[in-house]
Amino acid sequence: MKKKHRIHHLTSQAAELEDYENVISDLDSKLEGVQKRIQELKACNSTSKLSRSPDGEPSEPRSVISKELKYKKIQQKMLADQESLAHKFLQSRASIAAVASTPEIIANLFASSPLPTSSGSTENLPTATETDTSKENYEINPKTRTFSSPIQNSLMSLSHSIISTSLIELNIRYALFDKKLTTHFPGTDSLYRSKLFQNMSDDKDKQELLSNMSDFCIVPSSNSKSFLKSLHPKKKEMLFASFRRSDHFADKESQRYDMYIHKSGRWRNYEDSDTAKQISAIRGPVFESNTVSNVHYFEKFQTLFSSYKSERRPLKHINLVLEIARILASDGKFIPSNAIFRDLLDKFGEVGLTNYQHLVYDSLPDFQHRKTAWADGVASHSFAEKKLIHFQSLIEEDPQLLGSLIEYNTKRGNASFVKKLFAYLEPVHNAYPQSQTILPHFMTKRFDSSSRGSNEALEKPILFENNIIELAIKACVDLEEYKSIDKLLNKLVFNSIDTPSGLKIFSGSHFGSDKLLLNNFSTDEVVNKLFNENILCMLGQVYVSSKDLRRCEWIAPIIQKYITKTDSPKLSTLYKSIVHLLESIQSKNQKDSQVRHHDMHGKSGYSITKIKKTTAFEETSNHTQMASFTT
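Residue numbers (my numbering): 1 to 631.
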């Protein structure tokens with residue numbers, strides 16, 4: 001047993017030795033590989049030391065350089081292949097386009113489906129045979145071309161607001177049993193909501209509404225239907241007449257939502273889902289040309305409002321506003337600009353439809369100003385006060401909008417925003433020697449160039465019509481903001497220029513002084529061009545009412561010269577009032593002066609001769625000063 005165990009032990013040791021030999025041979029082979037790698041690195045190091053770049057820096061190994069060259073060659077080959085493929089594609093596309101543009105193929109493509117027009121009909125469109133004969137029919141008939149612009153959103157927004165407001169008024173009249181509806185709007189029962197007041201939620205708004213309407217009742221009643229029928233006819237007519245001047249028709253939240261949908265362009269989305277058999281998207285106005293022109297809209301608006309003023313039919317304002325809504329949402333030959341909204345703002349104000357004028361005003365700001373233009377205001381039913389930035393781009397596009405905004409806010413007593421609008425009428429002063437002969441120093445010293453506020457948004461050059469100053473002065477008179485009048489007069493005198501289309505008022509920091517009236521006309525000519533009868537009347541009335549002696553002394557000679565050239569009963573009466581005021585103040589000053597001299601003589605022992613000389617000198621000076629006004 002011991003011998004066998006010994007033999008087994010020897011065989012196991014022999015096996016271990018064989019394993020050691022394998023391990024050693026592996027280590028030897030690895031060692032040889034390491035030594036070869038070391039030799040290669042030494043060889044590379046020696047060659048890199050010998051090879052230097054022209055600037056003395058060691059260059060790349062040759063193996064690396066050769067790899068980069070191969071990579072560049074591959075890239076160049078790939079680019080060449082792509083270029084050849086691109087040329088082949090262009091050639092193929094040109095050949096396909098040449099074949100597909102033949103009139104025969106185009107006629108076959110549209111033979112079964114006529115092109116839609118902007119009005120939804122196919123009249124005046126070229127047929128397939130006409131298209132076969134000449135492809136220039138596309139240029140001959142403009143109805144085959146359609147263009148659109150972002151102003152579609154504004155047009156649809158205002159049209160939708162007008163229709164919604166008119167529907168609200170019609171439903172209120174229907175709920176209050178207005179007999180004029182059945183007479184002048186027959187067959188419109190589908191527009192009305194039956195039991196309007198009964199379906200209202202019983203909240204504090206409804207209770208407040210019913211309590212206010214209880215003053216109109218002849219006999220109190222608990223039944224809502226009999227309650228509405230028992231309203232006093234005359235008081236009910238007064239209520240209906242007030243609808244045209246009320247701003248409370250549109251709920252603030254619903255109005256904000258409607259303007260957001262339209263101004264953002266979301267109204268273009270489908271009313272039904274894409275799984276419907278037929279797409280039922282809202283269709284906006286389509287224009288036949290990409291030319292911007294408002295002439296067509298101005299003519300239509302002028303015709304509508306002229307007929308409205310002469311018409312005597314009841315509920316004529318409903319017909320007017322619905323026709324305007326139809327025009328805004330209809331197709332046109334040219335693309336309108338935002339100036340048509342300014343025209344509607346003015347015309348609605350002229351005829352007293354301030355309800356719809358308010359809708360135009362709220363729809364003016366761009367969608368980018370939605371967070372501030374449509375924010376909650378102090379009153380629960382209105383938006384926050386508009387900011388100057390909301391109308392900045394609109395005024396730059398249409399400078400006449402500034403006068404419309406001033407008039408709109410003046411009639412509503414919004415003095416704070418009117419003063420903000422006057423930022424465009426900030427005077428820009430330069431050294432003009434003869435300016436002091438037109439405006440006295442006490443009226444110009446507060447408006448030199450150093451006091452001008454820095455606002456980059458208002459530095460862009462804009463030319464306003466000359467009547468903008470007259471509108472602004474009238475706003476100051478109506479709002480009793482007399483402190484701003486001097487600034488407006490400085491703007492009128494210092495920043496009026498002569499253009500081929502007439503006098504203009506420029507706004508901005510830089511403008512050529514060669515066209516200024518002060519540099520091209522004499523003092524009398526400048527005064528005659530700038531100060532018309534209306535401006536002189538407003539200034540004189542303000543100065544007389546406020547008993548402003550210095551400004552009365554300044555304007556009296558100007559009015560006197562105007563009267564001598566032009567017969568004006570208003571200015572003649574005003575001039576007499578100014579002279580009377582100056583004489584009364586002068587007389588009062590003389591009496592006060594005599595009293596002071598008398599007191600001084602009694603206290604200090606002045607001689608009577610000295611007092612007489614002083615009084616005589618003052619009387620001579622005063623008479624000399626008044627001679628310029630009375631001669």
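Heads up, a few of these hints could be off.
What the hints assert, rightly or not - Under the rule of at most 27 angstroms between Cα atoms (straight-line distance), these lysine-lysine pairs were calculated in the BS3-like manner: (1) 316 with 179; (2) 483 with 411; (3) 411 with 515; (4) 234 with 316; (5) 252 with 420; (6) 515 with 504; (7) 67 with 88; (8) 483 with 445; (9) 180 with 316; (10) 36 with 72; (11) 387 with 333; (12) 195 with 180; (13) 570 with 591; (14) 420 with 504; (15) 547 with 487; (16) 387 with 371; (17) 333 with 371; (18) 529 with 561; (19) 445 with 420; (20) 371 with 411; (21) 195 with 252; (22) 420 with 371; (23) 235 with 316; (24) 504 with 483; (25) 547 with 561; (26) 576 with 588; (27) 445 with 487; (28) 515 with 547; (29) 529 with 460; (30) 88 with 77; (31) 591 with 561; (32) 460 with 420; (33) 588 with 547; (34) 565 with 576; (35) 371 with 419; (36) 72 with 88; (37) 504 with 487; (38) 576 with 474; (39) 591 with 576; (40) 411 with 252.
Calculated directly from the structure, the hints in this document are not laboratory data.
Being a predicted model, the structure only gives us computed values, none of them experimental.
A quick look at each hint next to the structure:
1. 316 with 179: holds, 15 angstroms
2. 483 with 411: Holds, at roughly 19 angstroms.
3. 411 with 515: violated, 35 angstroms
4. 234 with 316: Holds: residue 234 and residue 316 sit about 19 angstroms apart, inside 27 angstroms.
5. 252 with 420: Distance of about 25 angstroms is within 27 angstroms: holds.
6. 515 with 504: Distance ~10 angstroms between residue 515 and residue 504 Cα, so the pair holds.
7. 67 with 88: violated, 32 angstroms
8. 483 with 445: holds, 14 angstroms
9. 180 with 316: The hint holds at about 11 angstroms.
10. 36 with 72: violated, 31 angstroms
11. 387 with 333: Outside the cut-off at roughly 34 angstroms; violated.
12. 195 with 180: holds, 19 angstroms
13. 570 with 591: violated, 32 angstroms
14. 420 with 504: With Cα atoms ~21 angstroms apart, residue 420 and residue 504 stay inside 27 angstroms; holds.
15. 547 with 487: holds, 19 angstroms
16. 387 with 371: Answer holds: residue 387 to residue 371 is near 12 angstroms, not above 27 angstroms.
17. 333 with 371: violated, 34 angstroms
18. 529 with 561: Holds: residue 529 and residue 561 sit about 13 angstroms apart, inside 27 angstroms.
19. 445 with 420: holds, 21 angstroms
20. 371 with 411: Holds, at about 26 angstroms.
21. 195 with 252: holds, 24 angstroms
22. 420 with 371: Holds, because 20 angstroms separates the two Cα atoms, which is no more than 27 angstroms.
23. 235 with 316: OK: residue 235 and residue 316 at ~20 angstroms, within 27 angstroms.
24. 504 with 483: holds, 24 angstroms
25. 547 with 561: holds, 22 angstroms
26. 576 with 588: holds, 18 angstroms
27. 445 with 487: The given pair, whose Cα atoms are some 10 angstroms apart, holds under the 27 angstroms limit.
28. 515 with 547: This hinted pair is violated, its Cα atoms lying about 37 angstroms apart.
29. 529 with 460: holds, 26 angstroms
30. 88 with 77: holds, 17 angstroms
31. 591 with 561: Violated: residue 591 and residue 561 sit about 31 angstroms apart, past 27 angstroms.
32. 460 with 420: holds, 17 angstroms
33. 588 with 547: holds, 13 angstroms
34. 565 with 576: holds, 17 angstroms
35. 371 with 419: Measuring from Cα to Cα gives roughly 23 angstroms; hence the hint holds.
36. 72 with 88: holds, 24 angstroms
37. 504 with 487: holds, 17 angstroms
38. 576 with 474: Given pair residue 576, residue 474 holds - Cα atoms ~22 angstroms apart, limit 27 angstroms.
39. 591 with 576: With a Cα-Cα distance of about 22 angstroms, the restraint between residue 591 and residue 576 holds, given a limit of 27 angstroms.
40. 411 with 252: The given pair, whose Cα atoms are some 22 angstroms apart, holds under the 27 angstroms limit.
Hint compliance for this structure: hints 3, 7, 10, 11, 13, 17, 28 and 31 are not met, and every other hint is.
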